[in-house]
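We have chain A; now place chain B onto it with these hints.
Protein chains: 2
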Amino acid sequence: MDQDVNHSGAIHQLKATRIGIDTQQELVVYMRADCQVCRAEGFVAQTRVRICFEQRHIVAKLNVVSAALLASDNIGLSDSAWRQLGVSEGDTLRIEHPSYLTSLSFVRSKVANKPLSSKAIAQIVADVVAGRYSDVHLATFLTACAGDRLDLPEVIDLTRAMVETGQVLDWPGRERILDKHCVGGLPGNRTTPIVVAIVAAAGLTIPKTSSRSITSPAGTADTMEVLTTVDLTLEQMQSVVEAEGACLAWGGSVNISPADDLLIRVERAINLDGEGQLIASVLSKKIAAGVTHVVIDIPVGSTAKVRSHKRAQHLATLFVAVGNELGIRVLPLISDGRQPVGFGIGPALEAREVLAVLQQKSSAPQDLRQRALRLAGLLLELSGQYGSGEGGEAAQFLLDSGGAWEKFQALCDRQGGLKTPPTAPFKGEIRSRVRGRVNGFDNRQLAQIAKLAGAPKAKAAGIQLAKKLRHRVEVGDLLMTIHAETPGELRYAENYYQRLGDVIRIN
Amino acid sequence: MDQDVNHSGAIHQLKATRIGIDTQQELVVYMRADCQVCRAEGFVAQTRVRICFEQRHIVAKLNVVSAALLASDNIGLSDSAWRQLGVSEGDTLRIEHPSYLTSLSFVRSKVANKPLSSKAIAQIVADVVAGRYSDVHLATFLTACAGDRLDLPEVIDLTRAMVETGQVLDWPGRERILDKHCVGGLPGNRTTPIVVAIVAAAGLTIPKTSSRSITSPAGTADTMEVLTTVDLTLEQMQSVVEAEGACLAWGGSVNISPADDLLIRVERAINLDGEGQLIASVLSKKIAAGVTHVVIDIPVGSTAKVRSHKRAQHLATLFVAVGNELGIRVLPLISDGRQPVGFGIGPALEAREVLAVLQQKSSAPQDLRQRALRLAGLLLELSGQYGSGEGGEAAQFLLDSGGAWEKFQALCDRQGGLKTPPTAPFKGEIRSRVRGRVNGFDNRQLAQIAKLAGAPKAKAAGIQLAKKLRHRVEVGDLLMTIHAETPGELRYAENYYQRLGDVIRIN
Chain A
397 MDQDVNHSGA
407 IHQLKATRIG
417 IDTQQELVVY
427 MRADCQVCRA
437 EGFVAQTRVR
447 ICFEQRHIVA
457 KLNVVSAALL
467 ASDNIGLSDS
477 AWRQLGVSEG
487 DTLRIEHPSY
497 LTSLSFVRSK
507 VANKPLSSKA
517 IAQIVADVVA
527 GRYSDVHLAT
537 FLTACAGDRL
547 DLPEVIDLTR
557 AMVETGQVLD
567 WPGRERILDK
577 HCVGGLPGNR
587 TTPIVVAIVA
597 AAGLTIPKTS
607 SRSITSPAGT
617 ADTMEVLTTV
627 DLTLEQMQSV
637 VEAEGACLAW
647 GGSVNISPAD
657 DLLIRVERAI
667 NLDGEGQLIA
677 SVLSKKIAAG
687 VTHVVIDIPV
697 GSTAKVRSHK
707 RAQHLATLFV
717 AVGNELGIRV
727 LPLISDGRQP
737 VGFGIGPALE
747 AREVLAVLQQ
757 KSSAPQDLRQ
767 RALRLAGLLL
777 ELSGQYGSGE
787 GGEAAQFLLD
797 SGGAWEKFQA
807 LCDRQGGLKT
817 PPTAPFKGEI
827 RSRVRGRVNG
837 FDNRQLAQIA
847 KLAGAPKAKA
857 AGIQLAKKLR
867 HRVEVGDLLM
877 TIHAETPGEL
887 RYAENYYQRL
897 GDVIRIN
Chain B
397 MDQDVNHSGA
407 IHQLKATRIG
417 IDTQQELVVY
427 MRADCQVCRA
437 EGFVAQTRVR
447 ICFEQRHIVA
457 KLNVVSAALL
467 ASDNIGLSDS
477 AWRQLGVSEG
487 DTLRIEHPSY
497 LTSLSFVRSK
507 VANKPLSSKA
517 IAQIVADVVA
527 GRYSDVHLAT
537 FLTACAGDRL
547 DLPEVIDLTR
557 AMVETGQVLD
567 WPGRERILDK
577 HCVGGLPGNR
587 TTPIVVAIVA
597 AAGLTIPKTS
607 SRSITSPAGT
617 ADTMEVLTTV
627 DLTLEQMQSV
637 VEAEGACLAW
647 GGSVNISPAD
657 DLLIRVERAI
667 NLDGEGQLIA
677 SVLSKKIAAG
687 VTHVVIDIPV
697 GSTAKVRSHK
707 RAQHLATLFV
717 AVGNELGIRV
727 LPLISDGRQP
737 VGFGIGPALE
747 AREVLAVLQQ
757 KSSAPQDLRQ
767 RALRLAGLLL
777 ELSGQYGSGE
787 GGEAAQFLLD
797 SGGAWEKFQA
807 LCDRQGGLKT
817 PPTAPFKGEI
827 RSRVRGRVNG
837 FDNRQLAQIA
847 KLAGAPKAKA
857 AGIQLAKKLR
867 HRVEVGDLLM
877 TIHAETPGEL
887 RYAENYYQRL
897 GDVIRIN
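Residue numbers (this note's numbering), protein chains in the order written: chain A, 397 to 903; chain B, 397 to 903.
In isolation and in its complexed conformation, chain A is listed as follows:
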């Protein structure tokens, strides 16, 4: 079907101009209501239109603008549309109706609780990756798949589709490719940089690609970004792994499982992620990154992402089953998720604790150290290089001997140099009005406060806890310090805290 030529034989063309509007990843184009294209095609504001340049195309949302902003033979592109289409000022673009999105009918069936076929899932994911879904369509798909609404075959199909619509890496000459992942929900649980350093120090291969945060105040990529460069090209990443057996990169910059990145943006806005979506997101990134053996950390706590041992067991079983089907060995580890790990929450605050553990400082949080050692030990055993029960001791030796810290510095050097984490210019102290003993944390509310303070976008923002479980508290004792990069964000986080009751439970 020739989409370029309309009924009367005319081709709709307008000249590209970068209008100077930043809409983040949302693709928006701007046309005048009185331009020939809007008049001929009946386009009005919020219509979805297809914009073609050479062999590339995008589907974008149309905003209609007045004559003052645009010449009538021009089409304005948002910064995101400009980048994605790769055009220059004055290039001639073709404007068309987008094809009818048949995959949306599959999404509607899913909303009505009908299972999705392999073909349906493949088509939905292909349309998502091609940018044919608007934000409300993505939100509908995510909500329809949220909670436990995807069954095992659907999760397998979704994972496979997400792998196949992106780049797939392999690591020639290296046999077992290791990785670790935490399903999240536990603020401050920044074990990854430590685990990678230990495992790589053992001479094993762990090419770590991490996401930025979905609903938390910091993802591993956000934290690593304050220590070194994480936006590596594929070639840069390969050369770091070639040299060091490991890397600590942001997955998004190498086009691994691009569907995941598009879905995560809307998941973040609606602050929602489902079990099947979670498994597909995690495993698609791992499989596409060429990983063969992975440990998955599943923290359980009443205010963690996974709230009961029963759900954790279920999730663990699903992870293993999907992994088996897709040829990746998954070892789940159910861990304590009752309180934040360490004391810092937010990219820079967590990065400082990672450094303290690696540098074997006496001030290093013991819980962060112990968790990292346990995960690293399991990976050493999964590698086949260490026998069952030998991994823990080996990991401790690699950390305490300084081998892991040396490896971490080498890794950061290869990625562009080790940086010093920034410090927040605005701080607010929260002190106790009661005395007693800490007997609980609300992880979700802590995460919310850190996010309102600006994390993860504001790297220095977040929370520094002063107390942990079972610590004694006197009236007036410092409970936590909120860090922010602007006074408005500090005030916003403080106001939110004041309206809450039980962020830290003391009795």
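For the record, the hints were derived by calculation from the structure and aren't laboratory data.
Computed cross-link-like contacts, DSS-like style, restricted to lysine-lysine with a CA-CA straight-line distance of at most 30 angstroms:
1) 411(B) - 853(A)
2) 757(B) - 853(B)
3) 864(A) - 853(A)
4) 411(A) - 853(B)
5) 864(B) - 757(B)
6) 510(B) - 510(A)
7) 853(A) - 863(A)
8) 510(A) - 706(B)
9) 757(B) - 815(B)
10) 510(B) - 706(A)
One-sided and incomplete, this derived list gives chain B residues near chain A with beta-carbon spacing under 8 angstroms:
11) 437
12) 496
13) 509
14) 542
15) 543
16) 888
Beta carbons are placed, not taken as given, at the ideal position from N, Cα and C, and that holds for glycine.
Just chain B now, with coordinates in the frame of chain A:
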């Protein structure tokens, strides 16, 4: 909590300018990255911000613009934001962080299948009406409530909340206020104008407010708009009803159940509506309009909105139950939904058939006439003015005597004059490649074709059927004519038809 003043005591103010961008109902504001507010508050593109002017405020999406588009002490407003905030060029606006949306946690609970409390629903609806939900939040809420995911108490609470967040009308001196509604899904089912004319001709009260289409090619308001003015103010509507006992107005212009209007916009984009949402949408409009007795037409067919008698019965029971709880008498009527009603699909094409029935033309579609008579008969009986079984005959007399046509003209005159429906400049004929007898229609695909042709926005667009169920068809016989206002839309609808198999089934 004082939201106006930030931590350092400064008040964030910028001067309003209408930037000249139409984003339909979506509220968007434009600021420079280097303006004092973005710098102080850490605002980036896509952030939601609260904009205050005098006692009013809106929550809008932020787009960040370059220096060429805006002075640094200005804030640009989209046409929608400009209208809703009611400002003038140069007015000083206050810019703040929006309050934290606690009601989103209720939406997330619902996604996880937990029932919503009355308080939760009231807060969600209040936040929706205040414009605090972005489009992805609305899509998440709608999807979480889609299908049959709302239970009876939730539907009752949702209906009540939607009534209470808008204007509520009463009709002093009039006892029974009648109404009718069709749940939709059946193209061309445009009985409302005929029923209103008949019932009003009997001297009864039927102040009809209709919605525009959600997922169909034409709602009653869309069709009536080609015959007269439907955007009446409350005062205009009251004066029409005062004089004629009836009106045929668009509900949106009188701020009845504004939550419904906001939800419908996103429902339309995702082409999805749920059972509970449907009942709340319909009954909230009726109750807020002061209606006491309503007939609900529920067409059943394999490709109608309601596909089985069992589901229709369930929906009918829910309608009656919610109505009883909220003090409105509901009489459901389950009807034949196997094929479109009449021959025209689309605002102008349907309007012409409405006129043919009212004018008792021999060319008038008999099925449209019969359905209208049945509904009008039931309403005459519900009014208490006619005994059980007497309504049908009375309705027929009112139509055949010309009384209904006279009343319809009087109504249109009061609303601004009777208009002639527009004719489409572009037409495409679809002819049969086989011979046989028509034995089925795909109502959904017909609706889709009519929408791709431009309906309901393009008033003259749609489909004129040439054949109905059980009609004989020879090879080359005309099956339907697609009407469009632009060549692009005609081609788009034709292309879509060509890719389909069984829009009209012939054997």
